[in-house]
Amino acid sequence: MVGSDADDPIDAASVRRENRARVIRALQTCTGNFGDDLAAPRVQAYSKDPVGSDPEEFAFVGALPLRRFYAFADKPDKNDRPVLWNRLLIEFELLGGKDPGKWGPDTSVSKLQRIAEQAVEKVDA
Amino acid sequence: VSGWRFARSGWTLAAALCTGCIVTESQAQTAAEPAAEFIYPAPARTFEAEGGYRFLQGDARDDESFYRVTYYGGLIDSRGEPLKSAEHLDLTIPKPAASAGDRKNLELQLQDGRSTLNGGLFEMNGAMPLRLRGIERLNLRGAAYLATDLDGERTKASVGLESPPIRVPGAAKLQAANYLIFGIMAERDDATDAAADANYALATGRFFIGKALGMHRHPNRDAIAHSIALKFLEQAPTRADAVALAQPLRKINAEDLTDLQTWLLDAVDDTTESTDWKQTILARSDGIADAISERPTASVYLEGSGWYANSSQSNEPKSRGLLSLTTDYWPLETRDDIILRARYEWGFERLQPNLRINQFTVSMTVQF
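Each protein sequence line maps, in turn, to chains A and B.
Per the numbering used here, the very first residue in the first sequence carries number 1; after that it's consecutive.
Per the numbering used here, the very first residue in the second sequence carries number 126; after that it's consecutive.
Isolated chain A (complex conformation) (with noise of 0.2 Å):
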C-alpha cells in the first residue's frame, strides 16, 4: 500500500513512513548511495526500520536536499530526473504516474515524497 488515506492516524503515519523509504530506496538505486558522508548513516538506519524510527530521523531523512544524494550540488538535473522519476514510479508501484516537475537539487526528500503520494493519488482517483 501507497496512499496514505487510511482511516486510522497510526496506519496513515506508518505508510508516509514506509514511502519515505521508497523515497531513498529510489535515490539510492540512482546515485548508488545513502547521501553525503554526514547523512548515510542515519539515511541507512532509517531506511532499515522506518516505522520504528525516531522523529528526529523521519525529520532529518525528509529535510535532506535531494542534492546530498548527488556528487554534485547542482543535481539532479534535467538528464537525472526523469531517471529518478521512473524509479519512483517503481517504488511507488505505480503505472504512468505524471511527473509534475518543478522540483530539483534542493527539493527535500519530504517534498518529492509528497509530489509522488499526489501521483498516486491521482491515478487511483
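This list has only true hints and no planted wrong ones.
Below, in silico cross-link-like pairs of lysine-lysine (BS3-like), each with a Cα-Cα straight-line distance of 25 Å or less:
hint, chain 1, residue 1, chain 2, residue 2
1, B, K376, A, K122
2, B, K336, A, K78
3, A, K98, A, K78
4, A, K78, A, K122
5, A, K102, B, K376
6, B, K229, B, K336
7, A, K122, A, K98
8, A, K78, A, K102
9, B, K376, A, K98
10, A, K122, A, K102
If you are wondering where the hints come from, they were derived from the structure by calculation, not from laboratory data.
With the hints as your guide, set chain B onto chain A.
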C-alpha cells in the same frame, strides 16, 4: 553562520509559516523550475575584525602588519545570510531569487597599516534596488561609493546605477556562486590641492566567483534547531492549531509547497492527538537542522572590480582595476566565527589609481 547550504533549504524552509502568506508565498516561490543554487562563500551580513601581515610584492617597500575592520551587509537579493551566525538568520525570509550570489547592499571598510595610502583608507560601497518608472524590468540598482584616506587628503564620492547580477558563463558547472555587475556613475574627486579636483563619469564593473568546500556539521546546529522549533510553535502552538493550518496546504500541489509547509504536514501526519506536540516539534526541528545546516570548512573566492573614467585629469589613468583571490578556512570545530584568511591582491585602489598594489596577506579574522 550560515553561509552554507542552510541558505538554500533553510530559507525556503520557513518561508511561510507566517499564517497570512502561507499559501501565496509558497506558490510564488515555486512558480519556476528550481535553479541550481550555490552557497555564497564570502562573508556577508557581519562585522569582521581582521589583523595580519602584509607581504608586499614587486617593490622595495617593507612588509607590514595591518588591521582591517569591515562591515558586510546582506546580499541584495538574498536577504538571509550565507556566512553568518544562524542565530541571526531570519527564517521567515523566502528563498532568494538570486541564489547563485549577489553583491552586498553595503560594505564599510576601515584599514590601517597601508603606508601607500597615507596610513589608511576608509571605504564605503553600497547599492539598493530601484524601481525606475518605465524600465522596471531592467531591475537597476542605485549605487554609491565613498573613499577617503585617513589624513583626509583625498576623497572620492560617486553615485550611479548598476545592473542586477549577471551570471558568469560556465560558473554553474563549477557549482560556484558568481556574478557580473556593470554600472555607470558620476564621481567627484576631491583633493587637498583644489586644482586637482575633478568631476567625471565612470563606467564600472565587478565580478565574483567563489565556492565553499568540505561541508561539515554546523557548530551552531542547536541554535538553528531552536529557531526552527520556535517558528513552528509560534504558528502552531498546539497540534490542533497545526491541523487547522494544514487544511489549506493540502489543497496545494505538493510541488508548490515550501519546505516548511511540507514539514508541517509531515509533523501533523506523523502524530496523533495524544502526541506531546511541543516535544515532537523540538525533536523534529533537531532533525531538520541537521539536514539543512551543513557548514563549509573552507572557501575560495575571486573578486574583481574595475572602472573606466571619462576624466580630463592628465595625471590619472583612465582605467584601472583590482583583483583579489581569497581563501577562508574555519579551523575550529566548535566555532564558526574565527577564520584564517589568505589573500592575494593585485591592481589599484580606486582612491589611488597611481599606486600599484601587489601583496599577499595572511590574517586571522573574527566575525561578530
